[in-house]
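Enquirer: Chains as they are written, first to last, in our numbering: chain A, 130 to 399; chain B, 13 to 281; chain C, 2 to 287.
A couple of the hints might just be wrong.
Simulated restraints, written as ranges between beta carbons of each label pair [stated by the list, open to error]: (1) Thr-154(A) - Thr-49(C): 53 to 59 Å; (2) Thr-49(C) - Pro-173(A): 50 to 56 Å; (3) Phe-242(A) - Leu-202(C): 56 to 62 Å; (4) Arg-181(C) - Arg-77(B): 29 to 35 Å; (5) Pro-173(A) - Val-55(C): 56 to 62 Å; (6) Arg-146(A) - Glu-240(B): 43 to 49 Å; (7) Gly-149(B) - Asp-293(A): 22 to 28 Å.
The set of hints was computed from the structure by calculation and includes no laboratory data. Ideal Cβ positions, reconstructed from N, Cα and C, are used throughout, including at glycine.
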Amino acid sequence: MAAVIASRRARHGPSRREFVVLFVTGLLAFFAAWQALSMIGIVPRSFLPGPIDVLQTIVRLSYEKYSGDTLWRHLLASIGRFGMGFLLAAAVGIPLGLLMGWYRWLDDVVSPFFESLRFVAPIAWVPFAGLWFGTGIGGPILVIFSGAFPPCLINAYRGAKYVDRRLVEAAQTLGASGPRMVTDVLLPASLPSIVAGLRVGAGLGWQSLVGAELIVVASGVGYLMVQAQLNLNTPTVMAGMIAIGLVGVAIDLALRALENRINQNWGRES
Amino acid sequence: MSRIVYDRVNRTFQRGGESFEALNDVSFEVAEKEFVAIVGPSGCGKTTLLRMAAGLEFPTSGSVRVANRDVTEPGPDRAVVFQQFALFPWKSVDENIGFGLKCRGVKESERARIVARFVQLMGLTGYEKAYPHQLSGGMQQRVAIARSYALDPGVLLMDEPFGALDAQTRVVMQEELIRLSRLNPRTVLFITHSVEEAVYLADRVVVMTPRPGRIEEIIDVGSIRRAEGWEKLERIEEVMDQESFVHLRTKIWKLLRAYQEGVKEAMAH
Amino acid sequence: MARSTVIAGSSTAALDDVAPRVGRPQRARRTTSPSRRWYIGSIALAATIALWFVATAAGWVTGGRFPTPSDVWRAAMQISTDGGYGGGTLLQHIWQSCRLVLLGFAVAVATGVPLGLLMGSSRRADALVSPVFMLLRPIPPLAWIPLAILWLGLGDAAKIFVIWVAAFVPSVINTFTGVRSVDVTLQEAARVHGASRAVLLRDVMIPGALPMIFTGLRLSLQASWTTLVAAELVGAFTGLGKVLSVATLDIYPGMILFAMVWVGVLGALMTKSLAWLETRLLPWLR
């Protein structure tokens with residue numbers, strides 16, 4: 130019997146505890162190696178600040194201004210832009226997607242544009258953004274929009290197009306007209322898909338924002354990082370990177386929570 | 013030497029803080045070259061029993077032995093035919109059939125010979141280079157059976173192999189399986205929902221209770237089959253027409269029903 | 002309109018049979034044939050281009066900051082001939098950008114897929130490597146650009162580094178997911194047949210994961226392009242991104258549009274090649 134149990138464990142991989150131990154080990158090893166590398170001096174410390182240096186920088190930037198403002202106010206500016214661009218993308222993309230899913234002619238007309246523009250990476254809009262809006266807020270919004278719009282549209286579209294036919298047929302037999310079908314049947318039915326699209330769109334939008342902020346703005350975290358780079362201030366650059374990462378995670382978690390909420394209410398398991 | 017012995021097998025598992033007993037004190041044997049079918053309601057643990065013999069799952073207590081050795085891992089001596097066929101979608105028909113042989117290190121020429129033999133045996137001629145998705149359900153299951161037979165296993169474990177097929181194909185496959193077992197007898201453990209299938213194919217039928225699964229009764233079919241001469245009849249319909257067949261089938265149904273009634277009663281209160 | 006950002010397992014009965022034609026709610030409609038879609042699509046596109054010509058000619062849109070057809074033509078001519086624009090001819094810029102993308106992509110795939118395989122098949126490797134992954138993943142690849150420039154300057158190395166950062170992650174994750182999602186029953190079948198761990202990996206896990214690996218490759222390629230253009234926009238000597246940035250400073254919308262079109266076209270070409278490769282390598286997919 131013992132032989133059976135032993136061979137079974139060998140076959141089926143590490144236990145949960147072992148997994149956690151290895152995980153924590155990996156985590157600590159990373160930080161330790163990072164700190165060690167920065168201290169050893171193969172690379173000058175100014176180029177590879179250790180985790181502690183970066184942490185100190187983040188704290189310092191919380192009350193000290195750099196390139197015009199503290200880290201958190203720069204971050205706020207970035208988030209504000211993101212919010213606007215993202216909301217715009219959702220406000221346009223979701224209704225359009227739903228309508229395209231229902232009205233075939235709309236799909237036929239809009240799709241070719243969408244498909245051809247989709248290939249243009251959001252970042253490629255930065256030059257026009259700069260040309261048309263200078264360092265104004267329109268620029269980043271354009272770029273964020275081009276990143277967040279496709280997933281919002283596509284997911285709304287797919288949600289509407291592939292909705293359970295029986296629901297549609299039931300609604301039709303109950304006398305639902307086109308617009309009512311869209312608002313009362315397709316929209317609720319597509320909600321899970323739409324929220325998933327929002328999550329992907331938010332991720333892409335946030336990434337696109339970073340790109341825009343490296344070039345066409347005069348505030349925000351991206352701008353902060355570029356200024357720091359020009360001044361060879363590595364810790365600040367890293368601080369910016371971490372701040373961006375944290376906000377990205379926060380946005381994603383928030384939307385995930387929303388997604389779970391919706392799936393639960395609709396009786397589907399997340 | 014391919015006897016399967018289940019000795020006081022228990023299987024309990026935890027889910028969300030509660031323990032569920034899937035199998036309770038199951039003991040029985042499948043003798044050398046015997047064809048045993050297990051029938052029972054969903055969740056009675058019959059698939060678990062088969063997977064234990066395969067080495068894909070293990071009992072919480074008790075033992076499962078094949079050929080007098082504890083089962084510790086899966087292997088080609090105990091071939092498994094899965095309900096969902098489990099053919100490798102990226103391998104052609106003959107690559108699928110030859111997979112076990114390849115694992116064993118059989119030389120290519122020898123492999124090709126064996127594969128060709130089973131292709132012909134299972135009526136797959138002409139489809140050697142086809143991919144699974146190009147075949148119908150029945151054909152795919154033939155490939156799965158050929159793949160298992162190619163291993164020349166001592167034990168054949170079949171987990172509702174015809175469950176995913178439509179009724180007509182199912183009948184054809186049952187006749188084929190009988191034909192194969194007569195040509196190539198080996199120890200078989202066969203799981204099914206269908207009482208008719210079990211009575212038609214098996215030497216003995218194990219009837220199980222719902223969870224926690226226990227053996228309700230083991231019915232001896234083989235002796236009746238021999239006494240009534242079912243093998244002389246060519247088609248399933250003729251066999252199923254026999255009074256002796258109907259009698260056995262009804263008997264088993266009644267056993268299974270008794271538990272359903274029990275459940276209905278319990279739910280009514 | 003078929004593809005989406007995530008894998009398309011497209012599927013079930015669409016609404017085509019049930020959704021009404023405009024104005025006739027009761028009649029079930031036949032599906033729009035692909036050729037009809039092409040037809041409508043081309044007409045729509047042609048109409049837009051015509052509109053563009055008309056709008057700029059009639060002066061509805063001022064040509065100062067909006068590209069006009071003649072503007073674009075002038076840009077095309079300028080950059081394709083001897084003097085070039087922004088530091089080189091069109092061909093030179095294209096070569097530079099494509100070269101870097103392919104290099105970065107190749108390195109990312111060569112490192113990412115094996116790592117994904119490792120993490121997918123070994124829970125221990127997964128446990129050890131995941132934390133680093135999870136820490137670094139939220140940082141958008143573009144956010145690495147300033148750091149890369151600080152470390153490696155404005156030359157090729159920095160670009161390849163950033164491309165690697167961007168393309169590495171999708172390769173790893175999709176390979177990992179692909180390996181993990183191989184049908185357990187297939188793995189069991191292989192083990193029943195006596196497959197050793199090596200055979201299991203080679204004959205079951207990898208082929209089973211290939212569709213998702215290719216999805217990862219596709220995402221990696223897209224990420225490579227995006228990142229390269231961004232990196233070149235921030236700072237470069239040559240390349241399509243450089244052209245874009247110079248054109249922006251010169252207020253030369255025609256050149257911007259021209260370069261953008263090339264970015265899109267090259268990206269599409271590469272993606273299609275990858276898709277073609279996929280159909281060749283995966284003959285068993287429907």
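Enquirer: Is 50 to 56 Å respected by the C-beta to C-beta distance linking Thr-49(C) and Pro-173(A)?
Expert: 54 Å, holds
Enquirer: Between Pro-173(A) and Val-55(C), does the C-beta distance stay in 56 to 62 Å?
Expert: The hint (56 to 62 Å, Cβ to Cβ) holds, given that Pro-173(A) and Val-55(C) are roughly 60 Å apart.
Enquirer: Starting from the hint 56 to 62 Å, judge whether the C-beta atoms of Phe-242(A) and Leu-202(C) obey it.
Expert: 45 Å, violated
Enquirer: Could you see if the CB distance from Arg-181(C) to Arg-77(B) stays within 29 to 35 Å?
Expert: 33 Å, holds
Enquirer: Taking 53 to 59 Å as the stated bounds, is the beta-carbon spacing between Thr-154(A) and Thr-49(C) within them?
Expert: Given a distance of about 58 Å, which is inside 53 to 59 Å, the answer is holds.
Enquirer: Has the hinted range 22 to 28 Å been met by the Cβ atoms of Gly-149(B) and Asp-293(A)?
Expert: Since the Cβ atoms of Gly-149(B) and Asp-293(A) sit about 26 Å apart, the hinted range of 22 to 28 Å holds.
Enquirer: Are Arg-146(A) and Glu-240(B) spaced within 43 to 49 Å by their CB atoms?
Expert: 60 Å, violated
The structure does not agree with the numbered hints 3, 6 stated previously, though it agrees with the rest.
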